[in-house]
Structures are given as C-alpha cells and as structure tokens.
Amino acid sequence: MSSPVGRPRVVLVTGVSRYLGSRLAGILAADPSIERVIGVDSVAPRREQRPVLGRTEFVRADIRNPLIAKVIASADVDTVVHLNVIATPDGAGGRTAMKEINVIGTMQLLAACQKAPSMRSLVVKSTTAVYGSSPRDPAHFTEELAPRSLPRAGYAKDAVEVEGYVRGFGRRRPDVALTLLRFTNFIGPAIDTPLTRYLSLPVVPTVLGFDPRLQLCHEEDGLEVLRRSVVDGPSGTFNVGGTGVLLLSQALRRLGRPALPVPSPAVSVVARAFRGAGVVDFSPEQMRFLEHGRVADVTRLREAFGWSPRPTAEAFADFVGAARPPLVDPRRAAAAEQRLLHLLTRGRGVSPYPQGVLGA
Amino acid sequence: MPERSAVRRLDNVIPLREDQPPLPVADDRGPEAGWDHRVAAGLAFLRRRITGDYPVDDFGFDPDLTEHVLLPPLRPLYDTWFRVETRGLDNVPDTGGALVVANHSGTVPLDALMTALALLDHHPASRHLRMLGADLVFSLPGVAPLARKGGSTLACNADAERLLDDGELVGVWPEGFKGIGKPFRERYKLQRFGRGGFVSAALRTGAPIIPCSIVGAEETFPMLGNAKTLARLLGLPYLPITPTFPLLGPLGAVPLPSKWIIEFGEPIETADLGGAAAAEDPMLVFNLTDQVRETIQSTLYTLLMQRRSTFF
Numbered sequence: 001m002s003s004p005v006g007r008p009r010v011v012l013v014t015g016v017s018r019y020l021g022s023r024l025a026g027i028l029a030a031d032p033s034i035e036r037v038i039g040v041d042s043v044a045p046r047r048e049q050r051p052v053l054g055r056t057e058f059v060r061a062d063i064r065n066p067l068i069a070k071v072i073a074s075a076d077v078d079t080v081v082h083l084n085v086i087a088t089p090d091g092a093g094g095r096t097a098m099k100e101i102n103v104i105g106t107m108q109l110l111a112a113c114q115k116a117p118s119m120r121s122l123v124v125k126s127t128t129a130v131y132g133s134s135p136r137d138p139a140h141f142t143e144e145l146a147p148r149s150l151p152r153a154g155y156a157k158d159a160v161e162v163e164g165y166v167r168g169f170g171r172r173r174p175d176v177a178l179t180l181l182r183f184t185n186f187i188g189p190a191i192d193t194p195l196t197r198y199l200s201l202p203v204v205p206t207v208l209g210f211d212p213r214l215q216l217c218h219e220e221d222g223l224e225v226l227r228r229s230v231v232d233g234p235s236g237t238f239n240v241g242g243t244g245v246l247l248l249s250q251a252l253r254r255l256g257r258p259a260l261p262v263p264s265p266a267v268s269v270v271a272r273a274f275r276g277a278g279v280v281d282f283s284p285e286q287m288r289f290l291e292h293g294r295v296a297d298v299t300r301l302r303e304a305f306g307w308s309p310r311p312t313a314e315a316f317a318d319f320v321g322a323a324r325p326p327l328v329d330p331r332r333a334a335a336a337e338q339r340l341l342h343l344l345t346r347g348r349g350v351s352p353y354p355q356g357v358l359g360a
Numbered sequence: 001m002p003e004r005s006a007v008r009r010l011d012n013v014i015p016l017r018e019d020q021p022p023l024p025v026a027d028d029r030g031p032e033a034g035w036d037h038r039v040a041a042g043l044a045f046l047r048r049r050i051t052g053d054y055p056v057d058d059f060g061f062d063p064d065l066t067e068h069v070l071l072p073p074l075r076p077l078y079d080t081w082f083r084v085e086t087r088g089l090d091n092v093p094d095t096g097g098a099l100v101v102a103n104h105s106g107t108v109p110l111d112a113l114m115t116a117l118a119l120l121d122h123h124p125a126s127r128h129l130r131m132l133g134a135d136l137v138f139s140l141p142g143v144a145p146l147a148r149k150g151g152s153t154l155a156c157n158a159d160a161e162r163l164l165d166d167g168e169l170v171g172v173w174p175e176g177f178k179g180i181g182k183p184f185r186e187r188y189k190l191q192r193f194g195r196g197g198f199v200s201a202a203l204r205t206g207a208p209i210i211p212c213s214i215v216g217a218e219e220t221f222p223m224l225g226n227a228k229t230l231a232r233l234l235g236l237p238y239l240p241i242t243p244t245f246p247l248l249g250p251l252g253a254v255p256l257p258s259k260w261i262i263e264f265g266e267p268i269e270t271a272d273l274g275g276a277a278a279a280e281d282p283m284l285v286f287n288l289t290d291q292v293r294e295t296i297q298s299t300l301y302t303l304l305m306q307r308r309s310t311f312f
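Residue numbers (my numbering), protein chains in the order written: chain F, 1 to 360; chain C, 1 to 312.
These aren't lab readings, by the way, just hints derived from the structure by calculation.
One or more of the hints may lead you astray.
As the list claims (entries may be wrong) - Not the full set, but computed from the structure, chain C residues with beta-carbon under 7 Å of chain F: (1) 34; (2) 36; (3) 43; (4) 52; (5) 134; (6) 138; (7) 147; (8) 159; (9) 195.
Cβ atoms here follow ideal geometry from the backbone N, Cα and C, with glycine treated the same way.
Okay, chain F solo, but in the shape it has when bound (with noise of 0.2 Å):
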C-alpha cells in the first residue's frame, strides 16, 4: 500500500479559495522543504484568507478548463491536491454548476494529470457518504466494503463518480502514488459545512423515530491528514474520522440545542422549507443519513499513518465550546441537580457516589 515518493517539490491545491484549501495551502507553504505552493481556484481567495496562504501563488483558472494543463506543465507540478468536490450547491450557482464542478472539473483535472510527466503523487478527498446509508448498512464500512444502496443524489453521488474517475486514472498511470481519503463529516470551531450549519439552527429538526450515529473529523485533524498524505503519506484508500460515535440526539443535548422530530412524509416539506430559507440545504441524501448514520472503520488509517484523528466526542466538544451558549447549561444543571437533591434530602447531604470510587 505504502509507496514512498520521496519529498514533494511543486504543490498544486486545487479549491484554494475555500476553507479547507486555503487553510492547507497555508500549511504546506510555511514547510520551507516544498518549493513552490500554487493554488488554483475558479475564485480569488476572500481578503480574510489572504495572509492565511503565506507565499501560495494563487492562479485563478477553472479546473473545468483546458487551461489547467497548462498550469501543471509549466510548473512542474509533482504533486496535485485535489479538493474541489463540493458538497452544497450554495456558492456554486445550484446543483448544475455543482455536478460540472464536481465531475467535469475532476476529469479534466485527471486529464492534465495524465499527461503531466512531472506528476508522482495525487491526493484526493473524497467522502465516507460514498458508502451510502441505508437500514441494512453494517455497524462500519471498512475501506473494501460496497454500500449497500448507492447513493443516487446530489454529492454523495458526485463523488462516488469522482472516485471511479480516480481509479480510472490510478489504472493509467501506476507511477503516481494515489491517496483516497474519505473523510467522515468535518467538525470544528472554524469550518462551514451543511452539518455544522444544521447544528447551529436554534431549533434543529430530525427524522422521527430515528437517530443516526455521527462519526465526526475535526477539521485540524483532517488537515493534518491532508497535510501528511503530501509530505510523506502512505497511498491508497482511506477513511478518516475520529474514533467513536455521538448519537444525533446525544450530541444536540451536549450543544444544548432543542431537537424538533418530524415524522418522514413530512420531512422532504421542510426540507424544502429550509432550502428555500436559504438556511440549511439538505439533500434526500442527507435526509436519509440523519435515518441510518454512517461509520466508517478507521483503522487503515491508524496502522498506515501511525496516527488518529482525535475521538469524535472530542472533536464535538471543540465545537460545543466554539458554539452559541446552550439553552441547558451542565454547570447549571449540576447545580440544579445538587439542589433539588438537598431539597428533597432535606439537607441530609447525600452523594450520589459511593464514598472512595469517586473520591479516589
């Protein structure tokens, strides 16, 4: 599995005007051993990004055109970081322009890697929503395993095109090391992603009589693993998310957040509703993800990096912390809890620990 390429010497990152790009843009740049950072995007970087890319050179061209060959040749570009597969339509112009983006921009990106003699190493991230999520899923997806229902809308299903596109093009040039990463959902105090917006709604609702199992990434994590699958990373296909999992309903009581259960008929209603709002977008994909969850077994990664993203839960916390302040403080529900117990005790002073377990 493991093919070591030696050091990378020109990087070239593809969605460099979004968070995750710009941010390991960034990352790679400050590495005085990569000589050249080039970022390539359809958008120039917002000012607030600027000083996070250090001495990235920022070339604003569209992976959809030809154009992008150019750039790779004439740079020499060793090494392509591909993270323009895009989850929501919003900023993208809808769904149409997102597919292109997604399917057409990673072929034609694919295409100009191909006939780049410099290439030797291609790192792609891709998602853990290729696996699906349906009632008949196995408690985790290991890396070999088929989804039980493919997906059949929206990102997920852009990407499960994205990644035949890239074993389509790992079969053509077996010279260039090839790393799948398949990232469960990001978390963080930092990122923008459906599931960090759909956490932060006042009122959040779910799925009536079901609650998925989460497996979170937190997002320093992720570009950690970005980060070393350029500089020295094993290739091949790997899950990457944190270990554990919080339940849905489990993780708003932590944030705090009231939960608003609609039963299934209803829910494509006002999923439609918070689309139009404009507040959340949710794919039926997503829709069936907040019935069955998803967790992917993440110990390829582990073995093959030597290193884990930080547990699920932790990475939650850092975004509870990060979050608007819950309806349900657990300082005040401890103290409630202390005196409501005195005084229903009558102050008679019980703890609920046995003496020395606790203490101890």
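Chain F is already provided as a structure; the job is to place chain C on it using the hints.
Same frame as chain F, but now just chain C:
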C-alpha cells in the same frame, strides 16, 4: 440476586477501574438513606440525559439508558409473569467473546429480551447480551434507535465478528422471521438455521458457541393465522392473528402468562477448528450448524417433557 440488583438500583456506581467491582454503598442511615440515594441516583441520571453526558459505544449501545429505562419495565414480566427459570448459566463464560445461539418464537421477540435480562440479572458476571437483529428492525421508525441503544446491531458477519473480537457476548436467533413468525401448530419445531453465517463468525473469531433453548415463548402470542395481504401492504414479514389479537384490540398486546425455561447448553469450542480457513469450508460450517440445531432441538424436547404444564 437481591444483592446485585440492590447495587444496580443505586446506580451511580461508576466503576473507574474495570478490574474492581463497584463498592457497595454503605447504607447504615436507616430506610431514609436508601430513599435519598435513590433520589440522588435518579437526579444524576436525569442530569446526564439532559446534558448528553453518557457514553455510547461504536454500535450505538447506550448502557446507561438500557439499564435504567429499557430493561426495568421487563423485570416484572421476567419474574412474575413468565416466572423464567434459567439453567446452565455457568456455561456462559464470565469474560471474552461468545456466541449464544437460540431458538426464536412467539411473534414478538420477547425471547431475545428475556434472554438478555437473564444474562444481565442472573449471570455472575452480569453480562450484556449484544443481539443481532434483522434489517427490518433497523428500518422501523421508533424501533431502530431503541434496538441500537439496547445493544443490538445488524445480523451480518462484519458486525458479529467485530463484537466477538471485542470480547462481547453476542446473541443470535438464526431462524429469523421463519422461526418467530411460524404458526402455532409448528411450535418447538426448529426452522432452517439461516445460512450458517453465525458459525463462520464464531470460527473466524474462535468464540465458543453456546446453544440456548427457550421454552415458553411459543405460547406468549400463539399465532393462529397470518394476515398475509395486510402484512405485505405494511411491508412486514407477517401479521399475526392470535386468540387475543386483533379480537381484543390493545389487550391483544398482553402476552399469555406461559411458564418459561431458558437453558444454556454446553459451549461448543471453535478455537481449535482452524480459524478463518475453517470458515471457508462449507461442509464444516453446515455440519456445525446442524450440530447446534440438533442440540437445541433435543434440549427443547427434554425441557418440554420436564415442564409441568404450559402455564404453571
């Protein structure tokens, strides 16, 4: 069992070290102190539930909820309604992975719940039984999350092997819907034992197979007829017609008070049979499957002979 259940009821006994049993709480302040502790435990439980401060394992198993909310209402059913008698509990190991294989009957999977309760309340090591369920369980709203929180997961080799590798006690009912949804006239006749997937899981992990025979569940909801058309419309594998359902409406949900016996048979060791290579040998898998099935079938007949009557 009074001692252990007393400890369980106090409940906030969180063992910080796995190897040390939780210390029993000194209860020398009279009856009021016992009440105080119960209030304290209840409040602590509420606080944990409200703030989400409880652990859930990778499969979605929520021991806190299972022990305090899901299982307690089943205890009266176990103790006074079915008067469950357990035999051979010492055949279930105190630690390490093991696969409990049992017969399935009664239209409602009460047999699985009673077996789980028997192992938690009456086994010396108080083991949680991790049950393997059909995919239907995980697609039903309301049922799906409860099944996961109660420790169940999908009956597939990947999940079974992972649980056994983790040293869990896994319960499987290989007859599936064919067993639980069979007509009353076929009671205590074992159906086909799936495709032997449970045997290959045990072989790959080297976990012992413990045959488990359950007598009594057949008579809880005797299935006289099956409303097949309606069942198909609802997407269910069967829709039972019992003496009380749908005739008595909601009262039909009350199981008949049959007398239960759950016998755990001698473990069939699989560790020396050749591991993963043996699991690839279909003949061995079929033979072992048949052996387990025969054991349970003959135990069922013996237990039926020993039971004085269906209800006493």
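These are the hints, each one checked on the structure:
no. : hint : verdict
1   : 34   : violated, 10 Å
2   : 36   : holds, 4 Å
3   : 43   : holds, 5 Å
4   : 52   : holds, 3 Å
5   : 134  : violated, 10 Å
6   : 138  : holds, 4 Å
7   : 147  : violated, 10 Å
8   : 159  : holds, 5 Å
9   : 195  : violated, 16 Å
Hints 1, 5, 7 and 9, counting from the list given before, are not met by this structure.
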